[in-house]
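Asks: Here is how the chains run, residue by residue.
2 protein chains.
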Amino acid sequence: MTSRDGFQWTPETGLAQGVPSIGVILPPTNILSSSALYDVIVIGGGYSGLTATRDLTVAGLRVLLIEARDRIGGRSWSSNIDDYPFEMGGTWVHWGQPHVWREISRYNMRTELEESFDFSHGVNHFQLRTTQGASTMSHEEEVRLDTLLASGLEKFVNVDGDMGRKVIPFAHDAFHVPEARLYDEMSAQDRINIIALSLTPNERASLESFILLCSCGTLATTSFFELLHWWALCGYSYRGCMDALISYKFKGGQSTFAIKFFKEALATGRLSYAFNSPISSISDQGDKVTLTTRGGRQYSGARLVSTIPLNVLNSVSFDPPLGTQRAAATNIGHVNQCVKVHAEISSKDMRSWTGISYPFNKLMYAIGDGTTPAGNTHIVCFGGFNNHIHPEEDINQTKQAVESMAPGNMDIKRLVFHNWSKDEFAKGAWFFSPPQLLSTSLDAMRARQGNIVFANSDWAVGWRSFIDGAIEEGTRAAMTVKEELQPAPALRSSL
Amino acid sequence: MTSRDGFQWTPETGLAQGVPSIGVILPPTNILSSSALYDVIVIGGGYSGLTATRDLTVAGLRVLLIEARDRIGGRSWSSNIDDYPFEMGGTWVHWGQPHVWREISRYNMRTELEESFDFSHGVNHFQLRTTQGASTMSHEEEVRLDTLLASGLEKFVNVDGDMGRKVIPFAHDAFHVPEARLYDEMSAQDRINIIALSLTPNERASLESFILLCSCGTLATTSFFELLHWWALCGYSYRGCMDALISYKFKGGQSTFAIKFFKEALATGRLSYAFNSPISSISDQGDKVTLTTRGGRQYSGARLVSTIPLNVLNSVSFDPPLGTQRAAATNIGHVNQCVKVHAEISSKDMRSWTGISYPFNKLMYAIGDGTTPAGNTHIVCFGGFNNHIHPEEDINQTKQAVESMAPGNMDIKRLVFHNWSKDEFAKGAWFFSPPQLLSTSLDAMRARQGNIVFANSDWAVGWRSFIDGAIEEGTRAAMTVKEELQPAPALRSSL
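Line by line, the protein sequences are chains A and B. Per the UniProt record's numbering, residue 1 is the first one in the first sequence, and the count goes up by one each step. Per the UniProt record's numbering, residue 1 is the first one in the second sequence, and the count goes up by one each step.
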């Protein structure tokens, strides 16, 4: 099955829109005849919506899942090309991420993970380029660069003499210490300015590229607090960051995981669904909520779970309108405009390679991520808003940006990508906060409004921005709705 | 409500059995009249059984929960004495423990945790005594002792030059690298013998007491592999161990958490239960499973989830009998004979104190754990099988062992404890494996047998022995049973 989403380029076929995915659902619509008024309507088939849908249907409620796309997964989905999964969005998971790991364990997929990194090939497995000229490092230097990245990050986060532990002692309650809010007034740039004298040029380049890999905004639009929060989530160490952020992925791709939620919900016999159904408006009439699709269809439910992402929320009309603070937050939006480009290249040695090309290049950070069935190396490259491109608009510029990550070693056989910035149902990649958004609006983003519960990783409290946060939020929404629609029965005792 | 479990001693009352707990369930029996043949019988109201019961009742199945005790929680429960919770068994949780954290998040208890440690009082917050003579350390030494504990542990686990990461790269799939099995042939004593020359006497004493705090067996009966597994779970660092093992607990006590599962199951209207109902036999007749209580009552279900702990499993008669390997494992048993004694003492400064008294004392490791409403300091002390006592048998000996942890600073106002070794429904504390048990029998312990599914933290694959592992197992059991009893209905489409 082929999704409309995503792009692929090969020398033979050129650029083509749409890539195959097991996350595409056929038939695209399945409306159970008995469902005039649903218990719950869930908008969005990403992990938040899938989790809410599954939990609610399993708990006995009749649910309608509405999705604008032709597939599940939202900002996390994989394309299977020649039996090899390319991750179009969210990719990596870790057992220290509680919500996603609980699901991986529950679906018995614990042994279906593999490491992205494989340092058993090649020689130069870490390359830092700060100008167009090559600066390949020797093995000894490369070990030092890992230390360099760690030491740059430690200087960056060490605001309290205890590596941020005093400021954020509870990673899942990040504003527990009120002082933490002060760091949300600051941007990453502000913090770098403070520690600038203590950073060597290479330390600073690698630190900045790592920060931009996290936020995919600019240094000035990246909340320093949110970076501290990520650091706390990762156990306050560079090694912890690498482990949790970019190491472990599904052998079969994200969509092999997402489909489990969907199938479990379907198996209850209580799931109706409609894909290809973008929403135009949502009206909460007090006794029920009615949504209208762009195509003019209407559906009603006693409750509605909206998993519409922050950056898209203001494209849907709400009646009554969104609360002031939520409306302000969605108009500000998050700053992540990640450009993620997969390249299949011929060099086998590049499997062990990691590279930073910053700040001059249109892509800045890349790692060897796998070996394809054809025996080619799969490289995944990241860029962001600081040097933004739309990769499908000028494919030669995109190829050049990939090649410039490791000049002479990038014999490109295939490119695969999803332009999240131009995706009207995402308008960006994973959530990353600008300064002040979280300290002013997190509570407002999390608040319910009448019969509508808002659930999205964008406003999770733990692994916000991650798949884990999406599942956290879907779980929360389902729990909220379930408790309201299933009041506790009186105890009947036969004794 | 007062449980039969546990003991309390004060100078005024002397020793008394039974302590109050909100985990005691009244009425103790609630059998729904419609339930002649249950869908599922769950044996055991610890976290495994509570999780399975909740998941199955929420999913629409009619469940009977049978429990030998008068309370929920199994080996994790809290006693509220004068509005202060003493943790009688399993206590600490962490957000890196996925199953327990998912539940804490789901029940919105994320902000109901607090830290056991509080270094804002007193002066000597780390005391190492290796002989009866006092050896209080200065603040400078104490920082070094923390380093000492870390360095001892690092020498202990560093079998691969990468702190155990190569041997156990996947903490939740610990036998992923076949070589890991070799370390299950070794005891902690074997490993210490290998590195003995590299350890200073104080390093060795603190390392040994830490190991015995983990296993509460003897060094010779403690699997080295299982310690490596704990180390991997804790993120391969001493700091990670302290964070995950002994830092964060519920402000209101474990039973405030356990009761959430029970109440959610009860609210479905599909839960029958019977406390005070020890089992004598279980018979799987193919079309159903029938259990018989010691009191002669019989109950039948289509499936049965047994959460009976490993050390107790051979006290119940199974027909057909337990498989050979499982029977062998239960006859071997695990080695944890933890002695956990809470002491309320008058010194406020002791709130900041941590002490090791090893190997001469009947208790070996203690920390300041809280301040009681009376303004006293709450100290929790640990002992194990290496120097075993039954604390209620000779209360003066027990008091002496507490006093000897910090001579002159232990003005005891109250003692609270649960003797897990003499508890016929536990026969020990949290699971800790002797050498060879896991590599030979983990799969057998996890296997189902006909209509009986076995679920217990004792054979979890992730945080085995922890509350997290219990929830992991309860989740697995519920998923297994649910999938069998609720076959997927055919898709009905009105399109």
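Keep in mind that the hints were calculated from the coordinates and are not lab data. Heads up, a few of these hints could be off.
Which copy? The list can't say, so a pair holds if one copy fits it or any two copies do.
Stated by the list, open to error - Straight line, CA to CA, 27 Å or less: simulated DSS-like cross-link-like pairs of lysine-lysine:
1) Lys422 x Lys399
2) Lys413 x Lys263
3) Lys166 x Lys251
4) Lys263 x Lys251
5) Lys166 x Lys260
6) Lys348 x Lys413
7) Lys166 x Lys413
8) Lys166 x Lys348
9) Lys399 x Lys413
10) Lys348 x Lys260
11) Lys413 x Lys260
12) Lys251 x Lys348
13) Lys422 x Lys348
14) Lys413 x Lys155
Only a predicted model underlies this, so the values are computations on that prediction, with no experimental measurement involved.
Asks: Now tell me if each hint is right for this structure.
Replies: Here is what the structure says about each hint:
1. Lys422 x Lys399: Close inside one copy (19 Å), not across copies (70 Å); limit 27 Å.
2. Lys413 x Lys263: neither (35 Å within a copy, 58 Å between copies)
3. Lys166 x Lys251: between (38 Å within a copy, 20 Å between copies)
4. Lys263 x Lys251: Within one copy only: 20 Å inside, 39 Å across.
5. Lys166 x Lys260: Neither: 39 Å inside a chain and 31 Å across chains, both beyond 27 Å.
6. Lys348 x Lys413: within (13 Å within a copy, 70 Å between copies)
7. Lys166 x Lys413: The answer is neither: 49 Å in one copy and 33 Å across copies each exceed 27 Å.
8. Lys166 x Lys348: Answer is between: at 23 Å across copies they meet the 27 Å cutoff, but 45 Å inside does not.
9. Lys399 x Lys413: Within. Shortest intra-copy distance 10 Å satisfies the 27 Å Cα cut-off; inter-copy 75 Å does not.
10. Lys348 x Lys260: Classified as neither: same-chain Cα gap 34 Å, cross-chain 54 Å, threshold 27 Å.
11. Lys413 x Lys260: Neither. Shortest intra-copy (32 Å) and inter-copy (55 Å) distances fail the 27 Å Cα cut-off.
12. Lys251 x Lys348: For Lys251 and Lys348, only the intra-copy Cα distance (19 Å) is at most 27 Å; the inter-copy one is 54 Å.
13. Lys422 x Lys348: neither (33 Å within a copy, 61 Å between copies)
14. Lys413 x Lys155: neither (40 Å within a copy, 47 Å between copies)
Comparing the model with each earlier hint shows violations of hints 2, 5, 7, 10, 11, 13, 14; every other hint is respected.
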